[in-house]
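Protein chains: 2
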Amino acid sequence: MAETIFELSGERISVWYRLAGNQNDAYATAQVICLEQTVEFPGELVPKGFIQDEIVGRIESFEELDDHHYLVQISYAVETSGFELTQLLNLCFGNSSIKPGIRLERFALPAGLSKFFRGPRYGRNGLRELLGVAGRPLLCTALKPMGLSAAQLGDLAYRFALGGIDIIKDDHGLADQPFAPFRERIQACVAAVERANRETGRRCIYIPNITAPANQIRNQALFAKKAGVGGLLVSPGLIGFDSMRALADDDRIALPVISHPALQGSFVINSDSGISHYALFGQLTRLAGADAAIFPNYGGRFSFSREECHQIAMGTAAAMGPFKLIFPAPGGGMNLDRIPDMVAVYGRDVIFLIGGGLHQQGPDLIENCRYFYKIAEQF
Amino acid sequence: MAETIFELSGERISVWYRLAGNQNDAYATAQVICLEQTVEFPGELVPKGFIQDEIVGRIESFEELDDHHYLVQISYAVETSGFELTQLLNLCFGNSSIKPGIRLERFALPAGLSKFFRGPRYGRNGLRELLGVAGRPLLCTALKPMGLSAAQLGDLAYRFALGGIDIIKDDHGLADQPFAPFRERIQACVAAVERANRETGRRCIYIPNITAPANQIRNQALFAKKAGVGGLLVSPGLIGFDSMRALADDDRIALPVISHPALQGSFVINSDSGISHYALFGQLTRLAGADAAIFPNYGGRFSFSREECHQIAMGTAAAMGPFKLIFPAPGGGMNLDRIPDMVAVYGRDVIFLIGGGLHQQGPDLIENCRYFYKIAEQF
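Just so you know, the protein sequences line up as chains S and A, in that order.
Going left to right, the first sequence walks through residues 9 to 387 as our numbering numbers them.
Going left to right, the second sequence walks through residues 9 to 387 as our numbering numbers them.
In case anyone wonders, no lab produced these hints; they're calculated from the structure.
Mixed in with the good hints, there may be bad ones.
Copies of the same chain look alike in the list, so a pair counts if it fits in one copy or across any two.
Calculated lysine-lysine pairs in the DSBU-like style (CA-CA distance at most 35 Å, straight line) [unchecked claim]:
#1 LYS233 x LYS107
#2 LYS382 x LYS123
#3 LYS233 x LYS123
#4 LYS234 x LYS123
#5 LYS332 x LYS56
#6 LYS107 x LYS382
#7 LYS107 x LYS332
#8 LYS123 x LYS332
#9 LYS382 x LYS56
#10 LYS56 x LYS123
#11 LYS332 x LYS382
#12 LYS332 x LYS233
#13 LYS234 x LYS332
#14 LYS382 x LYS233
#15 LYS234 x LYS382
#16 LYS56 x LYS107
Start from the sequences and build out the full structure, keeping to the hints where you can.
As structure tokens, then:
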């Protein structure tokens, strides 16, 4: 087979993997990853020259973490990504996701790839500006439970907005169900929040769930935009990271995007496989254009540790080429007592997402929101 | 909160989950799933009547599998799915994917939901008819390694087709890279396969990879269709199950679809979480319209067991409402010696996917294909 002469830029993507096993096994796994993620070909048959030298992944460093875990940095020619997110994901972890003992820890993109991504359109500063809230943590809640009518959800939204919530999002299970159809729900909730904003003088936003059939996503987003929503809720685990990216990039939509972790759990709940919390909810979510990443807070009804949550916060804020910092949005069974410790972990650049806990606080929902607001104001 | 009066059909979706833990813990987990997957609300606050009775998931059965595992059947009102795949996935496993000890084993859809899905357009019989191959296993190989030019890939395709391969697919890492641009590659490979078919009188098909940026998928598929490809390769783990469904359903495209498991590994490699092999590669892949499901064969360079692979084959063929049976397509480091045992596991309704192994067999690629064909013909 003749050698291909193709002029590469020389820029390379770096991916760090955490490998389980003894040193020899881990190093052998690292060598396998170099082939598996690129040529998918027996090593001895890889054509010499261009393909072997440039296309096959390259081990850049290999270090011991503990006596059963190693960290390897593997680099790939930037051209193998096709300069787009779907193939980038595939390149970094497609087939290796199917092998035990390999965890994608983090990645670094060269400038020649980053320039193809817009990243978060608003980021922390843009979202704060939109909401008119400087400094303090942002307050978010969800419209639930599923089964309420559009009018009932609108009524809830009105009370949340009156009580001082900044971001009112659909529960991620609200789709286009007959008991609260998508369009009816959007109109009811937008109207409710606008009415409350006229009364309070504040700028609360309503964020509907746009996680929908692939061929309806854009139309739903355009409908929502026209109706006056303040952002979009998207579950990239359900529709793919690049569908979220396409929504965030769309200049006809141009709304903040908040990501939800539905169906992404299998990537993170086993520490010797999958994708790290830092890379999944921090780096990838950010690269795919979300302005905030929802994830389950430690100590709630999910199992993330305080340290894993801290890692997510780091991923939302770490230096990452030209991309804006985004908000961590911990939620999932948290309640108001947890806020001081959460500020210790996340800092003030955080969105507190309290759903059921806000209802549990007491019988008057508006009063509960005001209490939530008063606590957040202290930080 | 007033009770919503909404007339439900009474039809329910059943989902079976395998729960890790002792009996008390497993039952408590089952109760939590009923709330988590629907109302996401504290149980004591769920509005009585319609929501508590109809919207919250319902435990239908609970049985011991072994002293640390239980199988629970939970049913959901069909309306909570919104009658579409994205929300159905979310309903079945969205948030519960984030909790350890819960594995989605299988599901059953009522007729009122199945009728909203076309399922596989071709299925086993349709694909056999298209290829003109009755009875014997189908032969598939992949164009690789990444780094070859479009002309070189076309040359490979020509030799594979001449040697008797039925389905020549892109390696799933071939996207739109500068060394073999998508359109150029499609045209070179279609032309090569057509030329070989004229010489052999057979009906080999070329199946390009259509896993692409969200807003380019349909255009790429339409381009490929017009160019004369015989099907589409899609990685639903990368672009979402419903994007595959939309391609398969599209009457302007109307091509067979083969799914690839890239990035789906995290769902299956830990037996106490994620989704079963049966449900992921069998039921879901089929519901999302694929005509064949690629997955890593046992004993290759991946870790699936013979029994897990058998379960996948069962999922491709089990009774499932109106949906056609699809082909299991085991691959991933298999070689020709494995074929007799594979027929024992999968039967004759199988696609043998041999990539690198076909190159390893000997120096003459066409001869290697003929040898592969001769073995398959015996079954």
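Structure-based check of each hint:
{"no.": "1", "hint": "LYS233 x LYS107", "in the structure": "between (42 Å within a copy, 34 Å between copies)"}
{"no.": "2", "hint": "LYS382 x LYS123", "in the structure": "neither (42 Å within a copy, 51 Å between copies)"}
{"no.": "3", "hint": "LYS233 x LYS123", "in the structure": "both (27 Å within a copy, 31 Å between copies)"}
{"no.": "4", "hint": "LYS234 x LYS123", "in the structure": "both (30 Å within a copy, 32 Å between copies)"}
{"no.": "5", "hint": "LYS332 x LYS56", "in the structure": "neither (41 Å within a copy, 45 Å between copies)"}
{"no.": "6", "hint": "LYS107 x LYS382", "in the structure": "between (49 Å within a copy, 32 Å between copies)"}
{"no.": "7", "hint": "LYS107 x LYS332", "in the structure": "both (33 Å within a copy, 30 Å between copies)"}
{"no.": "8", "hint": "LYS123 x LYS332", "in the structure": "within (13 Å within a copy, 44 Å between copies)"}
{"no.": "9", "hint": "LYS382 x LYS56", "in the structure": "between (66 Å within a copy, 31 Å between copies)"}
{"no.": "10", "hint": "LYS56 x LYS123", "in the structure": "within (31 Å within a copy, 53 Å between copies)"}
{"no.": "11", "hint": "LYS332 x LYS382", "in the structure": "within (29 Å within a copy, 58 Å between copies)"}
{"no.": "12", "hint": "LYS332 x LYS233", "in the structure": "within (23 Å within a copy, 39 Å between copies)"}
{"no.": "13", "hint": "LYS234 x LYS332", "in the structure": "within (26 Å within a copy, 41 Å between copies)"}
{"no.": "14", "hint": "LYS382 x LYS233", "in the structure": "within (31 Å within a copy, 60 Å between copies)"}
{"no.": "15", "hint": "LYS234 x LYS382", "in the structure": "within (33 Å within a copy, 62 Å between copies)"}
{"no.": "16", "hint": "LYS56 x LYS107", "in the structure": "within (27 Å within a copy, 46 Å between copies)"}
Going through the hint list in order, the structure does not satisfy hints 2 and 5.
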